[in-house]
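Please arrange chain G on chain F, whose structure you already have, making use of the hints.
There are 2 protein chains.
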Amino acid sequence: MDKYYLKVAMRNAEKSRGKCSPNPFVGATIVKDGKIVGEGNTQPYGQDHAEIVALKEAKEQAQDATLYVTMEPCCHYGKTPPCTDAIIKAGIKRVVVGILDPNPDVSGKGVQTLKDAGIEVSVGYIEEEIQEQLEYYLCCIDKKRPFVIWKTALTLDGRYAASDGSSKWISNSSSRKFVHRIRSQVDVVLAGVNSVNMDDAMLNARGFKNINQPLRVVLDPNLQINMQSALVKSAKDFPTLIMYHSADHETMMRLKDMGVELQQVEGKDDTLNLDAVLEAIYQRNLNSILLETGNKLSESFWQHNLIDKCYIFYGNKILGGDKCSLRNIDRGGINKAVELSKIRFRRLGDNVMVVGYPQY
Amino acid sequence: MDKYYLKVAMRNAEKSRGKCSPNPFVGATIVKDGKIVGEGNTQPYGQDHAEIVALKEAKEQAQDATLYVTMEPCCHYGKTPPCTDAIIKAGIKRVVVGILDPNPDVSGKGVQTLKDAGIEVSVGYIEEEIQEQLEYYLCCIDKKRPFVIWKTALTLDGRYAASDGSSKWISNSSSRKFVHRIRSQVDVVLAGVNSVNMDDAMLNARGFKNINQPLRVVLDPNLQINMQSALVKSAKDFPTLIMYHSADHETMMRLKDMGVELQQVEGKDDTLNLDAVLEAIYQRNLNSILLETGNKLSESFWQHNLIDKCYIFYGNKILGGDKCSLRNIDRGGINKAVELSKIRFRRLGDNVMVVGYPQY
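Note that the protein sequences, when read in sequence, are chains F and G. Residue numbering for the first sequence follows the numbering used here, beginning at 726 and increasing consecutively. Residue numbering for the second sequence follows the numbering used here, beginning at 726 and increasing consecutively.
So here's chain F without its partners, still in its complex pose:
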C-alpha cells in the first residue's frame, strides 16, 4: 500500500506543476487506519509546502498517522519554517519518502531529523517516476541550470517549413493545444527574435482556463525585435524578458515603456552565449524552459548538448525541399546518433507526438 499512497501523493503534486517555482512541486498524503485524512501539494513560492497543507487538513488525526511525501521534507528555514518540525509536532508515527531531496541544505538531513525524533522513516519508492515528475527541479540542483525542453513540429519527412518559408500549420490543432499545455507548465518559453519577427509569435499559454503564464524570453542580440509585434504589444499583460548584448538607448527606452524587461548577457554579433542565457534564467530561480526556437537557434542548443527533453510533433504532411530539421548538427555516423531514452509515443488525431530524453 505504500506505493499506492505515494502515487496518490504524486497526483496531488501534479496540481502544483508550474505553479510553485522555484520550489519543487511535491505532494503529500496522510493516512490513518487505512483512511486518507490529509492531502497536500506545494503552494506558490513563500506559502505552505505540501506536508504542511496535508497536516492542516488532518488536524488531530495526524497523531500516530503515516505521512507519504514524494520528496524528503525540508529541515531548514527557507521562505517557510522546516516541515520536519511540523511533522514531529503533529505526532506523525511513520514517514514514507519517495526520493531524497538532493538540495545540499536538506539531502538526508530531513530524514535524519525525523529519525532523531523517533519517527520511523522509509525512503525510496517509485523513485524513477518521481524523479521524472521532478525533473525540472532535479536538473537545477544537478546541473545548476534550468531544464531545457525542445519542441518542434515536423512533417513526416522531417521538414520544419516548406521551401517558401510557410510552416503554418505543420501540426494539427490537437498538437498545438498540447503545446499550450506544456507552455503553462514551464517557467519560461524561449524563442529567437527571428521567430518572433517572422511568425509574430505570442509565446504565451492559451486555450485553458486559469492557465499559468510562463515568462516569455526572447533572445535578441542587437534588439531588432519588431515594436509592432504581438509579443511586444502584449508585454504589459504577459511577463516578457528580452536578452541582448548590445543595443541603443532609444530602443531600450521604447521597449521598457512598452513593459518589456531587458537583460544584457554575453554575446557576439548576432548570437548570445547560451550558457550565459541559461545562467541568467537560473539566477532568476526559474526551473524550466520550453524552446520555441526556429531551426537555427535549435541547432545551437543541440550543438551544445543542452537539450534535456524533446517533444517532436509529426504533422500529417510530406513536403520535400531543403528546410530540413537540424541540418547543421551533424553526428557524422549512425553510431554517433543521439538516441532518446524513455521514448514515448502519443497519437494526437492524425499527428503523432514523440517524447524522450536525449542521451549524449
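Calculated from the structure, these hints are not laboratory results. Don't take every hint at face value.
Copies of one chain are not kept apart here, so a pair can be met inside one copy or by any two copies together.
[What the hints assert, rightly or not] Below are the PhoX-like pairs computed for lysine-lysine, each with C-alpha atoms no more than 25 Å apart in a straight line:
(1) LYS814 - LYS981
(2) LYS1021 - LYS728
(3) LYS893 - LYS1067
(4) LYS1067 - LYS869
Positioned in the frame of chain F, the structure of chain G alone reads:
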C-alpha cells in the same frame, strides 16, 4: 450477423495474401442454421477460388445455406470454371457479397447470374475494409498498373542516412521484421542498382516460416550490378529480374548464367522510365510492389505521384547532416504538402511506424 460472417470471410482471405497473384485474395464462409459449414480462401493461381474451397468443405450442407464472399463471384471461364455455376449447382439460397468485382469481365454480371438462378443476393457490406484488403488488385483494375508501396526508415529528424553514408541500422529489429512480413505479402520487391551495390541488399523475405518470396526487381539502367553481390549470387534460389535499357552482351550472358532474368525497358542515361517499369511488371500479372529504393529513386516515384501507400519507420535517433529524405521533391508551400489518408501509427519497441495513403 451478415457483417460478422463477412469478417470471418475477410479473415479467411487474409491467409492467401501474397499467395495467389494475380488473382485477388478472396475469402468465403458458408453458414447454415447459424453454423459455419464451409470456409475458403483463394488458392494459388490456376487452382480453386475461395467459393469453391468453401463449397467443397460444406458438401451437401451447402443446400439452402448462405454464402458470404468478400468479392463478387466470377462468372467467366478463366483458369478455372465460373464460381457462379458451382454456387447455383450446390443449392446455395442466399449470397452476401462484400464488394463487386470491378474487373469488366465480372462487374455485376456475377451477381446477375446468381439472381437469374433465383438466388437472393445482397451486395455492399464493410466495403471500405474489403477495398483496403484488396487494394493491390483494385489498383491494377483501376490504374492498370501495380500497387506501389514506399517503405523508408528515417531518424526522428528525417534522415535516411548519416553524413558518412551509414544507415545500418536506423530502425530497430522489430521494424525490420515488420518489413520482411510486408515483403512476403507483395509480388515484387524493387530497388535501384545503387542500393544493391552499396548495401549488398538481398531483398528477399526472411525471418518467418514457409514464407512467400517476392520477385526481386532491380532497376539497373546500364547493367552495373556487382556480380559478387548477395543478390546476384542468390538468383538461382530467389527469383530475380533486372531491368535495364542498354547493356553489353557479355554482362548479360554472365547474369543469365547466374540465374538472373533480364528485361529491357525504355530509359535514358542512368534512369529508366518508371511508367515503362510499372507497365512491364503489370504485364507479368504482378499486383504489388514494395519499393526498397534509396532516396534518389524514391524521389522519382514521388515526383511522378506513383506512391499508393507509405510505410515510414522512425528509428530512435537524431542524426543531423544533409542526408534529408525527399529533398528533391519540393512541394513549395505548406498548402501544397501531400497528406496521408487513413493514417495509422504503430509502436514497434522504441520505433514508431506511420502508414497511410498519399493524397495528391
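- When no copy is specified for LYS1021 and LYS728, does a C-alpha distance of 25 Å or less occur within a copy, between copies, both, or neither? neither (44 Å within a copy, 54 Å between copies)
- Message: Within a copy, between copies, both or neither: which one fits LYS814 and LYS981 at a CA-CA cutoff of 25 Å?
- Response: Answer is neither; intra-copy 49 Å and inter-copy 92 Å both fail.
- Message: Checking an output row: LYS893 and LYS1067, CA cutoff 25 Å. Within, between, both or neither?
- Response: between (30 Å within a copy, 22 Å between copies)
- Tell me, please, which holds for LYS1067 and LYS869 at an alpha-carbon limit of 25 Å: within, between, both or neither? within (23 Å within a copy, 46 Å between copies)
Hint check: violations occur at hints 1 and 2; the rest are consistent with the structure.
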